[in-house]
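One letter stands for each residue in the lines below.
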Amino acid sequence: MSPEAAAATPELEVVHGPRAIGGGRRRFVDLLLLTATSNFRKAFFGTALGYAWSLIRPLLLFGVLLVVFTRILRVGSGIENYPMFLLFNIVFFSFFQETTNVATTAVVAQEGVVRKTQFPRLVIPLSIVLTGLFNLGMNLIAVLAFMLAFGIEPMWSWLLFPLVLLPVMVILTTSVSIALSALYVRRRDVGIIWSVMSMALFYGSAVLIPLTYATGIVRDLMLINPLVPLFVQAHKWMIDPDAPGLLTVADGWWHLLPAALIFVGVAIWSLWFFNREAPRIAEEL
Amino acid sequence: MSGETISLDRTGSDDGGVAERRAERIAAAPVVLEARDVHKTFHIPDQKIQSFKERAVHPFRRQHFRELRALNGISLEIRKGEFFGIVGRNGSGKSTLLKILASIYAADSGRIRMAGTMAPFIELGVGFNPDVTARENVILNGVMMGLTPDQARERLDAVFAFAELENFKELQLKNYSSGMVVRLAFAVMVQADTDILLIDEVLAVGDASFQQKCADVFHGMRDSGKTVVLVTHDMAAVETYCDRAMMIHDGDVIAEGDPDEVARSYYRINFEEAAANPEAVAMSEDALNAADASIDAHTELVEAELLDEAGDPISNVEQGSPLRFRALLEAREELRNPVFSFLCSSRNGTHVFGFRRTLTHDEDEFTVVAPGQRVELNGTVANPLAPGKYVLSCWISRDAERGEVAFQAVGLAAFMVYGGGQPLGLVEVEAEVEAHTIEGDRA
Numbered sequence: 001m002s003p004e005a006a007a008a009t010p011e012l013e014v015v016h017g018p019r020a021i022g023g024g025r026r027r028f029v030d031l032l033l034l035t036a037t038s039n040f041r042k043a044f045f046g047t048a049l050g051y052a053w054s055l056i057r058p059l060l061l062f063g064v065l066l067v068v069f070t071r072i073l074r075v076g077s078g079i080e081n082y083p084m085f086l087l088f089n090i091v092f093f094s095f096f097q098e099t100t101n102v103a104t105t106a107v108v109a110q111e112g113v114v115r116k117t118q119f120p121r122l123v124i125p126l127s128i129v130l131t132g133l134f135n136l137g138m139n140l141i142a143v144l145a146f147m148l149a150f151g152i153e154p155m156w157s158w159l160l161f162p163l164v165l166l167p168v169m170v171i172l173t174t175s176v177s178i179a180l181s182a183l184y185v186r187r188r189d190v191g192i193i194w195s196v197m198s199m200a201l202f203y204g205s206a207v208l209i210p211l212t213y214a215t216g217i218v219r220d221l222m223l224i225n226p227l228v229p230l231f232v233q234a235h236k237w238m239i240d241p242d243a244p245g246l247l248t249v250a251d252g253w254w255h256l257l258p259a260a261l262i263f264v265g266v267a268i269w270s271l272w273f274f275n276r277e278a279p280r281i282a283e284e285l
Numbered sequence: 001m002s003g004e005t006i007s008l009d010r011t012g013s014d015d016g017g018v019a020e021r022r023a024e025r026i027a028a029a030p031v032v033l034e035a036r037d038v039h040k041t042f043h044i045p046d047q048k049i050q051s052f053k054e055r056a057v058h059p060f061r062r063q064h065f066r067e068l069r070a071l072n073g074i075s076l077e078i079r080k081g082e083f084f085g086i087v088g089r090n091g092s093g094k095s096t097l098l099k100i101l102a103s104i105y106a107a108d109s110g111r112i113r114m115a116g117t118m119a120p121f122i123e124l125g126v127g128f129n130p131d132v133t134a135r136e137n138v139i140l141n142g143v144m145m146g147l148t149p150d151q152a153r154e155r156l157d158a159v160f161a162f163a164e165l166e167n168f169k170e171l172q173l174k175n176y177s178s179g180m181v182v183r184l185a186f187a188v189m190v191q192a193d194t195d196i197l198l199i200d201e202v203l204a205v206g207d208a209s210f211q212q213k214c215a216d217v218f219h220g221m222r223d224s225g226k227t228v229v230l231v232t233h234d235m236a237a238v239e240t241y242c243d244r245a246m247m248i249h250d251g252d253v254i255a256e257g258d259p260d261e262v263a264r265s266y267y268r269i270n271f272e273e274a275a276a277n278p279e280a281v282a283m284s285e286d287a288l289n290a291a292d293a294s295i296d297a298h299t300e301l302v303e304a305e306l307l308d309e310a311g312d313p314i315s316n317v318e319q320g321s322p323l324r325f326r327a328l329l330e331a332r333e334e335l336r337n338p339v340f341s342f343l344c345s346s347r348n349g350t351h352v353f354g355f356r357r358t359l360t361h362d363e364d365e366f367t368v369v370a371p372g373q374r375v376e377l378n379g380t381v382a383n384p385l386a387p388g389k390y391v392l393s394c395w396i397s398r399d400a401e402r403g404e405v406a407f408q409a410v411g412l413a414a415f416m417v418y419g420g421g422q423p424l425g426l427v428e429v430e431a432e433v434e435a436h437t438i439e440g441d442r443a
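If you read the sequences in order, they're chains A and B.
Residue numbering for the first sequence is 1 to 285, as defined by this note's numbering.
Residue numbering for the second sequence is 1 to 443, as defined by this note's numbering.
In short, the hints are calculated from the structure, not lab data.
Ideal Cβ placement from N, Cα and C applies to all residues, glycine included.
Hints are supplied without guarantee of correctness; some may be wrong.
Taking lysine-lysine and the DSS-like style, the derived pairs with C-alpha atoms no more than 27 Å apart in a straight line are [said to hold, decoys possible]: (1) B/K213 to B/K226; (2) B/K174 to B/K213; (3) B/K174 to A/K42; (4) B/K169 to A/K42.
Computed spacing ranges between beta-carbons, pair by pair [unchecked claim]: (5) B/D223 to A/L271: 25 to 31 Å; (6) A/I141 to B/D223: 54 to 60 Å; (7) B/R55 to A/L73: 35 to 41 Å; (8) B/E77 to A/I141: 33 to 39 Å.
The task is simple: from the sequences and hints, build the whole structure.
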């Protein structure tokens, strides 16, 4: 070998083994975007109706619940712009519910990749969150059109959705998704447990009726759920500026402390847990 | 390097010093892959608790783990441009080592260092997602190897052309046949153009044309100075391609260095263990019993065994090493002028060779073995046998009444000859044969 060729040989670098992240930032981002777009394409070009399906589902759910809450239970009748409140909340919650449920099985579903390559493990659940975000973005365009058609005037507070509500929701969804995807590798009934739990959360997150309808202990318990503040604030910022804000509903900021602690705790724990599990995922599969 | 004459067979007798030059070049090259004292133990649950439900139903059940020590401190150093083989039996730890080198498994302790980019090819795949199209899989894989998405897209045509799958780019991988998937994976690996390739067991699959393609690719890799680590069972591949090899057995390196030597130790271990398993023992007994033919049961076999150089009993013989044996017979009846005809047959009954012996005796003396007397047969026989299974038997004849001869056949040993290469017959002979073109005689 010529001296030049020898000099061109890169230095020996320590190989760290499989990890949650790793292999360079650019590679991580490229893999994340590619995986997310291929998930998206798979979901929307694989079926005859394609993208329409992702909108039809929340719309059908919306139709059924609208009839239940305005015609049968008559709770919704007293709420300003109730149909739009309901539609927006369903679409927003669906992002959380669908993303976390798909992410649960994602690492196991990508077995071929995990067992045969040094694919940065965290890319897998993150790509599911990203696909969910694409989806939410598309659905929100449709919801916005409905809202304008329904006569809701555009408000400056709408801007707080992408600035405050969405980031908080994305962090929470991501934390839950990565924790579940790693947990599912060890315990396969996590999938079933979570599908039931996320359904329970749907009824316990002030998605269907504003939190003001709950009182006393029920309201205090619901406030522990870190999703609840998002929907309380979404009601005020997106649908009805006269609706009570979070601090009013909570009756003091300290009532929000448990939810804040859970939010931060889940975020930190899930990252720690996934990072701990990542090196052994290929063996556990 | 491209201008160099390439020897297709490293073991070829006259390659004009190419092999020597290659060895010198590699010896002078820098180390690009290094493992130091790598340990790996798997904890295998006796009864895996797969769900929270099981955990809830049996809250106090302790999970018991069996420790499987896959690697007990493996070290290796591979130089740039080297073709390195890792061999071992199933479960020896060789694939675990490769997966650790490829960052798929984490080592418990030890250090791996690598220079340059690396592409793994493991269990006939490169990590495809069956639910997306072949095209997307190839791009994703390119990015995984460190390319930018644009570079990966530029490479697409070359990959599909190599795999001969140009018409199936947009097909989801789950609709590919298994052969197509392997072809695509192989093409991705070949086109990845990384500095180091880690390949686990690829040669044994695919049709003849795919195998030929693999062979061409491996020759190409050797010639173009790629660093390749090949994990395989195929000793012919090790002997043909590898500059150096290592044999792992129960997590330890038991041989390292010259590929031919390593291949031989692979055969030795493989057949020793195969012979120890009950099925093989039963087979040997069947073969021996089949060799017994009792037309005239006048002799009883007391014991018979094959021996190694040190005189210890063995059941398998390395190709080329002499057959040493010892047998003890006991006469039931008087044996007059007995003749012992030794016969070596292949397992399907073909006689390979044989020779006759009579009792060593003084001249002018009748040779008679009295009833109850014992005869010892022992000696060494040159071994021209090609690898395979054989039976050594002995036909004992004696002069019967009225000038007739009575025979009895006794199976002495069923054994296996182990060695490399694919035999073209039952025996291997020295052959000084050359093939060459004749100058100036072109039509």
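*Against the structure shown, which of the earlier numbered hints fail to hold, in ascending order?*
5 and 8
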